[in-house]
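Chemist: Chains as they are written, first to last, in full-length UniProt numbering: chain A, 1 to 480; chain B, 1 to 480.
These are computed hints drawn from the structure, not numbers from a lab. There could be a bad hint or two in this list.
Copies of the same chain look alike in the list, so a pair counts if it works inside one copy or between any two.
[As the list claims (entries may be wrong)] In silico DMTMM-like pairs for lysine to aspartate or glutamate, Cα to Cα no more than 25 angstroms straight-line:
#, residue 1, residue 2
1, 111, 417
2, 145, 50
3, 145, 159
4, 393, 100
2 protein chains.
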Amino acid sequence: MSGYFRMGPETHAISMEMYRENRERTMKALKTATPGIKEGSVVLLQGGQDKSLYDTDVDYVFRQESYFTYLFGVTEPGCYGCVDVFTCRSLLFVPRLPEEYAVWMGRLLTKEDFKLKYQVDEVHYADEVNTVLASRNPAVIYVLKGKNSDSGLIAQPADFEGIDKFNVDYDALFPVIAECRVIKSPKEIEVLRYVCKVSSDAHKKVMKYVRDGVSEYEAEAVFLEHSYRVGGCRHVSYTCICGSGENSAILHYGHAAAPNDKILRDGDMCLFDMGANYGGYAADITCSFPANGRFTADQKIIYEAVLDARNAVLEAARPGVSWVEMHRLANRTMLKKLTEGGLLKGDVDEMMRAGINGVFQPHGLGHLIGLDVHDVGGYLSHCPPRPTEPGFKSLRFARPLQAGMYVTVEPGCYFIDILLDRALKDPQQSRFLIPEAIARFRGFGGVRIEDDVLITENGCENFTKVPRTVAEIEAWMSSK
Amino acid sequence: MSGYFRMGPETHAISMEMYRENRERTMKALKTATPGIKEGSVVLLQGGQDKSLYDTDVDYVFRQESYFTYLFGVTEPGCYGCVDVFTCRSLLFVPRLPEEYAVWMGRLLTKEDFKLKYQVDEVHYADEVNTVLASRNPAVIYVLKGKNSDSGLIAQPADFEGIDKFNVDYDALFPVIAECRVIKSPKEIEVLRYVCKVSSDAHKKVMKYVRDGVSEYEAEAVFLEHSYRVGGCRHVSYTCICGSGENSAILHYGHAAAPNDKILRDGDMCLFDMGANYGGYAADITCSFPANGRFTADQKIIYEAVLDARNAVLEAARPGVSWVEMHRLANRTMLKKLTEGGLLKGDVDEMMRAGINGVFQPHGLGHLIGLDVHDVGGYLSHCPPRPTEPGFKSLRFARPLQAGMYVTVEPGCYFIDILLDRALKDPQQSRFLIPEAIARFRGFGGVRIEDDVLITENGCENFTKVPRTVAEIEAWMSSK
Chain A
1 MSGYFRMGPE THAISMEMYR ENRERTMKAL KTATPGIKEG SVVLLQGGQD KSLYDTDVDY
61 VFRQESYFTY LFGVTEPGCY GCVDVFTCRS LLFVPRLPEE YAVWMGRLLT KEDFKLKYQV
121 DEVHYADEVN TVLASRNPAV IYVLKGKNSD SGLIAQPADF EGIDKFNVDY DALFPVIAEC
181 RVIKSPKEIE VLRYVCKVSS DAHKKVMKYV RDGVSEYEAE AVFLEHSYRV GGCRHVSYTC
241 ICGSGENSAI LHYGHAAAPN DKILRDGDMC LFDMGANYGG YAADITCSFP ANGRFTADQK
301 IIYEAVLDAR NAVLEAARPG VSWVEMHRLA NRTMLKKLTE GGLLKGDVDE MMRAGINGVF
361 QPHGLGHLIG LDVHDVGGYL SHCPPRPTEP GFKSLRFARP LQAGMYVTVE PGCYFIDILL
421 DRALKDPQQS RFLIPEAIAR FRGFGGVRIE DDVLITENGC ENFTKVPRTV AEIEAWMSSK
Chain B
1 MSGYFRMGPE THAISMEMYR ENRERTMKAL KTATPGIKEG SVVLLQGGQD KSLYDTDVDY
61 VFRQESYFTY LFGVTEPGCY GCVDVFTCRS LLFVPRLPEE YAVWMGRLLT KEDFKLKYQV
121 DEVHYADEVN TVLASRNPAV IYVLKGKNSD SGLIAQPADF EGIDKFNVDY DALFPVIAEC
181 RVIKSPKEIE VLRYVCKVSS DAHKKVMKYV RDGVSEYEAE AVFLEHSYRV GGCRHVSYTC
241 ICGSGENSAI LHYGHAAAPN DKILRDGDMC LFDMGANYGG YAADITCSFP ANGRFTADQK
301 IIYEAVLDAR NAVLEAARPG VSWVEMHRLA NRTMLKKLTE GGLLKGDVDE MMRAGINGVF
361 QPHGLGHLIG LDVHDVGGYL SHCPPRPTEP GFKSLRFARP LQAGMYVTVE PGCYFIDILL
421 DRALKDPQQS RFLIPEAIAR FRGFGGVRIE DDVLITENGC ENFTKVPRTV AEIEAWMSSK
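Kindly produce the complete structure, drawing on both the sequences and the hints.
Modeler: Here it is, written out as structure tokens:
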């Protein structure tokens, strides 16, 4: 089906129109942000390259760089893409492959094939990028360079032999395109809705699968299978976190040194944080539930404290509201419930000032999500800076919400020895803790409830469709 | 379970003894290969590092570098490993992580924990590699540098700040350790047997799953699910190739630009080449079968030509036999059957001289397999060089078989337009082709039968356990 990306007949069709719209929005924004920008200027992005596993001839399955996906939707490695800032005329540069490669790769697409497939205006070979650009004599070539505020890594600007002969701007594009990515278009929203639905269904399948004696990685395998076989999602958006028992308090559990290899036991809480990826677009969902499908009284206290925090945010989130305030609201709600539950004592506002919220939830309320799971645009220069107060410094953005933003809402409550020990030793914090209750919850693990939520004109829409209340979870897990 | 790698209770337990034995074999071989090697010399390897997806904070799931796995079995990134050549005393250097990381990674292992986990003699921090080595004043540090003959890439030698103060040898280790990896130890053989069994079972599940209307990627998902959920294999050894219909003739189908997204149709042949990976050790199995479970007469001709080739090799493979001769035997057997089947005419030996074998099978008979799917040791300096005759140049090794080698046997027959067109135009080749028969097979795709086979003292043992004859395949696919 030319002009669309679609994995299978039952999976979402992404129209190449979406990328054309993304190009138009970005060019328009670049013109607005760059007074005096000259006609004949172009934007040039370089796509990702194949990566080999060390010195072997095994490649990782190629995943396209996100900015390149945003503007072109191209799934092949080794490309460049160019857009005229004023006319939006689009040029795709594709690798020139030896005829022989057909034996290994299948029929090689012609330039005309690429033009149809990606609905661009011109296609050239990547080794022609210098000569094709030179023949157009662009006033300025805008390339992408800037710091990812989640990783601290730098987006690498497009480069080719001879680029130093051109007038290249490394500064203007990055904040503009990152800002464009923050507000999702209607077509992007439908992709995000799809991948969130697939991920929700996969989580539901996992909840029915688990029981005493199952290994954590089995749950991961069940999630991956549904996402791919049913949803056409070959990748997940991040390494699956499938913590059970005390592992459910390890925020990035599931990495190679802790590879989801514990056996689920009766009485364990499970915290499974997994999200599929479709066409480069991410889901990021966490479900927390008891391994055996029935909450204990203690599990219910913690779970409902987190659920109340999540509900308060879903109720309050709307354009104009500060994300920092949403974080505060979630944390306050949770601490209030923990106080009612007998774990804490004292005034919630004082607890917040003492940073008790960061003891139980050492991460931010959520993050922007889109083509990256921790999506770009959190701390651009026009945005409020990262907060410095205790319990707020892990926030991945601090800006007011706007319609079209897509965010995770993911309050959590964890019993992490190192943080509890520090708090118990700190007189400013220990006065709020009820030691015997805290002791009872050592080894409990943690609870996180994470939804993917679109900010709308009047509020928000939760794309995540999984059992969330204690009653819903128990009913779902006990049904066959 | 300290001293073992095991993913789950039903999966294979790899004893750390295996790595100790690998170290001892390698040190012994290094001494033998290096006359005058000085006491106090050490081998130093550097393990892999985490890799991020572009500039984001998403990491690929870490996979350890194969030589490092071979000597140490360590699954964490960021390590060094050192072995005293004469005493075999082993030192592991692990990253020094900030206490805070416990929140994200789980309880940080102490040096004592690492010592128990990997059964090494000493553990230090990676930032101490310079000072610890300096305190021992090693005569020579042997590091690993050499070219991978499958990828053409260079294994990167261990490096650390201050290494230039030491006496470092970059040449001696590579051929020695690569040669050690060629001959599998009894413990390695048990790992390979396990991962081959898991992969065989996963293929069998796929064969039962497929039918008209299923997408190729669904088959991939079913394979991945079994390998991981049942077998504990989080990774596959290479990108799954799930070609159906004409895609079954594309040797590296399944890559990002051809991502197993065709729908299987009645009458298609399927060629599914997939292998799980356990503890770093690879399987590599191809099953070919009709999508609907019943061979047509034409499918049977091609399938049985390939099966006869495979059977001839399994019958003949034993120590002392040249792999080049095995390739010749397979190709001759296949061409003979294609002649009987009405596709070719003339004398098989003349066909071989004209390179007709390379028209139908443009790849080698198989390759060494172990920690890498295309394992090391194919063209070391003491080995016969890559053959130059037509139809033989793709061989990944040319050395005589030895007991303890582990190889794939993977004859194939494909109808690839570009190769058929060239052959039909070449008078030296076209005289053997029966054009109307060749025309009938255009779009047929291809057949490959690939087994993972251990060379034993007296012959070989096939670790791959899947239905192979036409009757076995039809019976398996029709049973419920």
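Chemist: So which of those numbered hints doesn't the model satisfy?
Modeler: none
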